[in-house]
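Enquirer: One-letter residues, chain by chain:
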Amino acid sequence: AQTVTQSQPEMSVQEAETVTLSCTYDTSESDYYLFWYKQPPSRQMILVIRQEAYKQQNATENRFSVNFQKAAKSFSLKISDSQLGDAAMYFCAYGDNTDKLIFGTGTRLQVFP
Amino acid sequence: KAGVTQTPRYLIKTRGQQVTLSCSPISGHRSVSWYQQTPGQGLQFLFEYFSETQRNKGNFPGRFSGRQFSNSRSEMNVSTLELGDSALYLCASSLALQGGNEQFFGPGTRLTVL
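Note that the protein sequences, when read in sequence, are chains E and V.
Using my numbering, the first residue of the first sequence is number 1, and each one after it goes up by one.
Using my numbering, the first residue of the second sequence is number 1001, and each one after it goes up by one.
It is possible that some hints are incorrect.
Not the full set, but computed from the structure, chain V residues with beta-carbon under 10 Å of chain E [claimed, not checked]:
{"no.": "1", "residue": "1003"}
{"no.": "2", "residue": "1004"}
{"no.": "3", "residue": "1104"}
If you only want the chain V side, here are some residues facing chain E, beta carbon under 10 Å, derived [as the list claims (entries may be wrong)]:
{"no.": "4", "residue": "1033"}
{"no.": "5", "residue": "1042"}
{"no.": "6", "residue": "1094"}
{"no.": "7", "residue": "1096"}
{"no.": "8", "residue": "1099"}
{"no.": "9", "residue": "1100"}
{"no.": "10", "residue": "1102"}
{"no.": "11", "residue": "1108"}
Just so you know, the hints here were simulated from the structure itself, not pulled from any lab data.
C-beta: ideal position from N, C-alpha, C; glycine also.
If we strip away everything but chain E, and leave its shape as in the complex, we get (with noise of 0.2 Å):
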């Protein structure tokens, strides 16, 4: 069975600086898809970015970027110029050729001004 793991139940950050959030899964499987959801307080959660285990090349969005390490089986979120407005969970995510998601504990980034 594939699970999900985040080693940090918190994290913080001041405004402008960079944060790396971990993440460590474990799967049997070549093909699969990871994600980190970010769920703001009392918000809906959101994707931030996504990863095909395929692609060799990290993904990146705006500030968002990854460090997949398929050999480790790590996947890390790094937030660049972290603003007020990321303060939330975020939550990394294994995914199947199907819809259903892998979700692990999830890591409370505070953001400081």
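Fit chain V to the supplied structure of chain E, relying on the hints for placement.
Expert: For chain V alone, kept in the frame of chain E given last:
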């Protein structure tokens, strides 16, 4: 385009009762998935429906069931409610074109079981 909507937003029930939650996906989305979110267990996958068929099921007892209608709207039902069923139930929809779809989440239904 309207987002994913879930009704009701809040529910209070007592043990032993049953409850039905509703999810309306984004127009054109064919896949609907359900998740249970609790402080203790985090986000856990309940089931996924695609074209009115259950495509995946999580590790939940048979008290949890669901269905999808021809217009892609979905309902989930929990019978014989237990205190541990208190949770935020999230619904997500996607175009289901291929694997790794972006899923769009609704605001959730917060169920409290007394």
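Enquirer: Are the hints correct? Go through all of them and say.
Expert: Tested hints:
1. Evaluation of the residue 1003 (chain V) hint against chain E yields a held restraint, the C-beta minimum of about 7 Å falling below 10 Å.
2. Contact between residue 1004 (chain V) and chain E, as hinted, is supported at the beta carbon level, the nearest pair being about 8 Å apart and thus within 10 Å.
3. Restraint check, residue 1104 (chain V) versus chain E: the minimum CB separation of about 8 Å is within 10 Å; hint holds.
4. Restraint check, residue 1033 (chain V) versus chain E: the minimum CB separation of about 5 Å is within 10 Å; hint holds.
5. With its C-beta approaching chain E no nearer than about 5 Å, residue 1042 (chain V) sits inside the 10 Å limit, and its interface hint holds.
6. At its closest, the beta carbon of residue 1094 (chain V) sits 5 Å from a beta carbon of chain E; the interface hint therefore holds under the 10 Å criterion.
7. With its C-beta approaching chain E no nearer than about 6 Å, residue 1096 (chain V) sits inside the 10 Å limit, and its interface hint holds.
8. Proximity of residue 1099 (chain V) to chain E holds as hinted, the smallest CB-CB distance being about 4 Å (cut-off 10 Å).
9. Interface hint at residue 1100 (chain V): satisfied, since its Cβ lies 3 Å from the closest Cβ of chain E, which is below the 10 Å cut-off.
10. Taking 10 Å as the C-beta contact cut-off toward chain E, the hint placing residue 1102 (chain V) at the interface holds, the least distance being around 5 Å.
11. Restraint check, residue 1108 (chain V) versus chain E: the minimum CB separation of about 8 Å is within 10 Å; hint holds.
Checked against the numbered hints given earlier, this structure breaks none of them.
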